[in-house]
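Student: Each chain, letter by letter, is given below.
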Amino acid sequence: MDLIDEFRNRDLCETLLAHIHSEALHNFTIMEVCGGHTMALHRFGIPALLPSTIHLLSGPGCPVCVTGRGFIDQAIELAMHNNISVCTYGDLLRVPGSLTTLEKARAAGASIEIIYSPLQCLEFARENPAMKFVFLGIGFETTAPASAVTLVKAAEERIDNFYLLSAHKVMPPAMAAIIHAGVKVDGYLCPGHVSTITGTNMYEPLVIDFKVGCVIAGFEPLDLLQSILMLVRQFNGAEPRVEIQYTRAVKPEGNPKAQQIMNQVFEPCDAWWRGLGVLNNSGMQLRPIYQHMDAVLAFGLNMAEPPDPPGCRCGEVLKGLLKPTQCSLFSKICNPTNPIGACMVSAEGACQSFYKYANH
Amino acid sequence: MQTTNKILLGHGSGGRMMHNLITELFARHFNDPVLDQQTDAALLSFPFGNLAFTTDAFVVQPLFFTGGDIGKLSVCGTVNDLVASGATPLWISAAFIIEEGLEVSVLEDIVKSMASSARQAGVRIVCGDTKVVGKGQCDRLFITTSGIGQVQSQHLRIATGELITAGDHIIISGTLGDHGMAVLAARNELGFASKLLTDCAPLNLMVQPLLDENLDIRFMRDPTRGGLATVLCEIAENKDFGIIINEEQLPVSEAVRGMCELYGFDPLYIANEGKMLIISSPKDSSRIIEILKKSPEGRQATLIGEVSNDHTAKVLLKTQIGGTRMITMLAGEQLPRIC
Numbered sequence: 033m034d035l036i037d038e039f040r041n042r043d044l045c046e047t048l049l050a051h052i053h054s055e056a057l058h059n060f061t062i063m064e065v066c067g068g069h070t071m072a073l074h075r076f077g078i079p080a081l082l083p084s085t086i087h088l089l090s091g092p093g094c095p096v097c098v099t100g101r102g103f104i105d106q107a108i109e110l111a112m113h114n115n116i117s118v119c120t121y122g123d124l125l126r127v128p129g130s131l132t133t134l135e136k137a138r139a140a141g142a143s144i145e146i147i148y149s150p151l152q153c154l155e156f157a158r159e160n161p162a163m164k165f166v167f168l169g170i171g172f173e174t175t176a177p178a179s180a181v182t183l184v185k186a187a188e189e190r191i192d193n194f195y196l197l198s199a200h201k202v203m204p205p206a207m208a209a210i211i212h213a214g215v216k217v218d219g220y221l222c223p224g225h226v227s228t229i230t231g232t233n234m235y236e237p238l239v240i241d242f243k244v245g246c247v248i249a250g251f252e253p254l255d256l257l258q259s260i261l262m263l264v265r266q267f268n269g270a271e272p273r274v275e276i277q278y279t280r281a282v283k284p285e286g287n288p289k290a291q292q293i294m295n296q297v298f299e300p301c302d303a304w305w306r307g308l309g310v311l312n313n314s315g316m317q318l319r320p321i322y323q324h325m326d327a328v329l330a331f332g333l334n335m336a337e338p339p340d341p342p343g344c345r346c347g348e349v350l351k352g353l354l355k356p357t358q359c360s361l362f363s364k365i366c367n368p369t370n371p372i373g374a375c376m377v378s379a380e381g382a383c384q385s386f387y388k389y390a391n392h
Numbered sequence: 480m481q482t483t484n485k486i487l488l489g490h491g492s493g494g495r496m497m498h499n500l501i502t503e504l505f506a507r508h509f510n511d512p513v514l515d516q517q518t519d520a521a522l523l524s525f526p527f528g529n530l531a532f533t534t535d536a537f538v539v540q541p542l543f544f545t546g547g548d549i550g551k552l553s554v555c556g557t558v559n560d561l562v563a564s565g566a567t568p569l570w571i572s573a574a575f576i577i578e579e580g581l582e583v584s585v586l587e588d589i590v591k592s593m594a595s596s597a598r599q600a601g602v603r604i605v606c607g608d609t610k611v612v613g614k615g616q617c618d619r620l621f622i623t624t625s626g627i628g629q630v631q632s633q634h635l636r637i638a639t640g641e642l643i644t645a646g647d648h649i650i651i652s653g654t655l656g657d658h659g660m661a662v663l664a665a666r667n668e669l670g671f672a673s674k675l676l677t678d679c680a681p682l683n684l685m686v687q688p689l690l691d692e693n694l695d696i697r698f699m700r701d702p703t704r705g706g707l708a709t710v711l712c713e714i715a716e717n718k719d720f721g722i723i724i725n726e727e728q729l730p731v732s733e734a735v736r737g738m739c740e741l742y743g744f745d746p747l748y749i750a751n752e753g754k755m756l757i758i759s760s761p762k763d764s765s766r767i768i769e770i771l772k773k774s775p776e777g778r779q780a781t782l783i784g785e786v787s788n789d790h791t792a793k794v795l796l797k798t799q800i801g802g803t804r805m806i807t808m809l810a811g812e813q814l815p816r817i818c
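Heads up: the protein sequence lines correspond to chains A and B, in order.
The first sequence runs 33 to 392 under our numbering.
The second sequence runs 480 to 818 under our numbering.
A portion of the hints provided could be inaccurate.
Derived coverage of chain B by chain A (criterion: at least 3 residues anywhere in the stretch with Cβ under 8 Å from a Cβ of chain A; other residues may be distant) [stated by the list, open to error]:
1) 731-744
2) 801-808
Calculated pairs, DSS-like style, for lysine-lysine (alpha carbon to alpha carbon, straight line, at most 25 Å) [what the hints assert, rightly or not]:
3) A:K185 to A:K289
4) B:K797 to B:K718
5) B:K773 to B:K762
6) A:K136 to A:K164
7) A:K355 to B:K797
8) A:K364 to B:K718
Hint data in this document are derived by calculation from the structure and do not stem from the laboratory.
Virtual Cβ for every residue (Gly too), placed ideally from N, Cα, C.
Just need the whole structure built from these sequences, with the hints factored in.
Tutor: This is the structure we're talking about:
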């Protein structure tokens with residue numbers, strides 16, 4: 033057992049596909065919320081294997097894509113200071129701000145470090161007391177606990193040169209906002225890794241308020257096909273509910289320890305999402321006892337969001353209103369070598385995934 | 480010459496120290512009468528026919544990795560570029576840019592490794608150059624090798640791709656991604672120990688019998704940086720044929736596959752240093768695979784796809800579960816400095 037091939041078994045995939053084809057008789061729209069799912073669906077060539085009744089939409093679940101250009105601008109401004117170093121996950125390096133990217137700013141002399149864990153940033157801060165270190169906290173409930181742990185450690189050790197610039201967000205307000213925006217979604221493929229932390233409760237209001245099915249899915253072909261079949265069956269039985277397909281990782285109660293430390297450090301705040309605008313209680317800001325480490329407050333940053341570049345339709349792509357291929361910039365002007373919008377930069381962005389894998 | 484155990488700027492000065500380094504280290508290990516003459520240019524008598532000429536710079540970091548080092552790489556890389564062009568490799572030149580402070584013993588290990596790879600491949604290192612630069616002006620050691628080989632007239636068109644036509648078979652000589660992952664593991668960036676071995680090897684002995692038998696080879700290329708995917712995309716670009724490969728038939732070792740899954744890499748884009756991609760007429764593909772399998776480097780040779788009239792100028796992959804996806808070139812480097 034190698035835990036890879038079991039979940040890519042062709043015979044089982046074909047069996048699931050046969051069920052999907054015979055049961056999905058009515059038009060049915062599924063949104064995969066998570067960028068990891070978008071990528072996996074295309075990597076295995078799944079969309080073309082599904083019946084024409086099933087419409088797949090890509091949602092707002094790539095943290096790089098929904099983060100505003102204002103966030104990048106502020107991070108670059110900080111990194112240009114002599115005594116400030118900015119630490120980031122590699123994903124953000126090539127995301128365009130309104131004028132330039134972190135990667136180009138680094139080549140121009142800005143102090144920007146790529147790290148794999150925020151604890152590395154704390155380590156830098158500990159070793160270089162004369163410098164200030166800012167960690168770019170990005171991502172949903174999957175990455176927020178790691179940021180929280182780092183802040184708790186920094187507070188315990190009284191390290192006073194470590195800061196967080198938080199773009200952390202939570203998923204459900206965006207899932208509700210998409211339906212409010214008029215996108216017709218019959219079923220959500222819910223993010224597997226977010227749900228390992230949060231559990232299932234946070235999806236219940238979506239089922240009650242919008243009668244939309246929610247299946248928490250894994251990332252292998254069998255996971256995705258089984259999840260799609262589960263959504264089809266919910267739809268056929270007119271019984272939308274929250275179900276876990278990804279049972280080998282997700283428990284209904286999630287990870288209480290991670291939830292506890294997230295709640296200890298963060299409180300909900302309104303946050304700006306590319307394509308969706310400001311959503312109530314969709315962001316995570318530091319609670320008062322940790323606010324001395326909030327980079328926005330400590331450095332007096334202006335987080336106002338500049339307008340999108342002309343012609344860029346990432347906003348509509350993120351809402352599922354537009355397929356990447358329908359954007360006039362797609363491929364010819366906006367491509368992974370020269371990304372205009374964030375959906376083309378991110379490895380999990382819908383546009384990059386279409387560019388890389390779909391037959392354009 | 481062991482008066483110092485580190486390379487000093489003086490070793491590149493053109494004086495006595497440099498002379499000693501050349502005679503006692505390079506010339507001793509490369510052991511070639513033409514090199515020993517220490518003329519400004521190697522003087523060689525060329526067999527009649529066509530000549531293949533190539534050059535390559537090596538900046539791999541770290542210098543040593545499991546199963547290989549920058550020296551072995553610098554010989555094999557150049558040999559394989561000649562082999563892929565249908566040539567029989569004959570002579571190699573080697574230029575060394577050394578950072579002041581490099582341990583002489585490290586340099587000697589690398590030079591020995593070059594000599595041993597050259598012996599294995601039956602090529603001669605006949606000329607070279609040495610420069611020493613100040614601390615921080617290069618990263619320990621960079622090597623540039625150039626190579627000259629002889630090409631029979633009937634093999635002159637193998638390198639260009641002009642012979643490829645729809646229906647041709649696509650063969651790979653073994654597992655994908657071994658070199659790139661071995662280098663990554665040696666950098667210790669993965670956070671765990673591994674026994675991943677580079678595939679770095681000279682391929683002339685594996686390929687020569689195919690040329691000798693005059694099998695209908697339409698194209699060859701060793702898929703190094705950018706991996707197999709990049710080579711296939713280059714072949715299909717702007718052409719009136721397409722390429723389709725089957726995921727199930729792609730040979731990838733368990734270790735490389737596991738690491739790729741874990742880190743989100745695609746083995747199709749990871750570098751190889753001892754593999755040959757061969758496109759042949761359908762009638763000769765089984766004979767080619769049979770011959771490849773007789774060499775240690777080709778034991779896992781297999782058919783992976785074919786050239787087709789459909790999807791012009793595109794490369795498609797039939798996925799393990801029966802779906803289809805497109806293969807495109809990488810926008811940037813998937814991994815830094817692997818050769």
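Student: Confirm or reject each hint.
Tutor: Going through the hints against the structure:
1. Using a Cβ-Cβ cut-off of 8 Å, 5 residues of the region 731-744 of chain B lie near chain A, which meets the minimum of three, so the contact claim holds.
2. Judged by the Cβ-Cβ criterion of 8 Å, the region 801-808 of chain B is covered by chain A as claimed, because 6 of its residues qualify and three suffice.
3. For the given pair, K185 of chain A sits about 15 Å from K289 of chain A by alpha-carbon distance, which is consistent with the 25 Å threshold.
4. Restraint check: the Cα-Cα separation between K797 of chain B and K718 of chain B comes to about 20 Å, which is no more than 25 Å; the hinted pair holds.
5. With a CA separation close to 19 Å, the supplied pair K773 of chain B and K762 of chain B stays within the 25 Å bound.
6. In summary, the hint linking K136 of chain A to K164 of chain A is supported, as the alpha carbons are separated by about 21 Å, within the 25 Å threshold.
7. For the proposed pair K355 of chain A and K797 of chain B, the alpha carbon gap of about 23 Å is at most 25 Å, so the pair holds.
8. Restraint check for K364 of chain A and K718 of chain B: satisfied, since their Cα atoms lie roughly 19 Å apart, inside the 25 Å limit.
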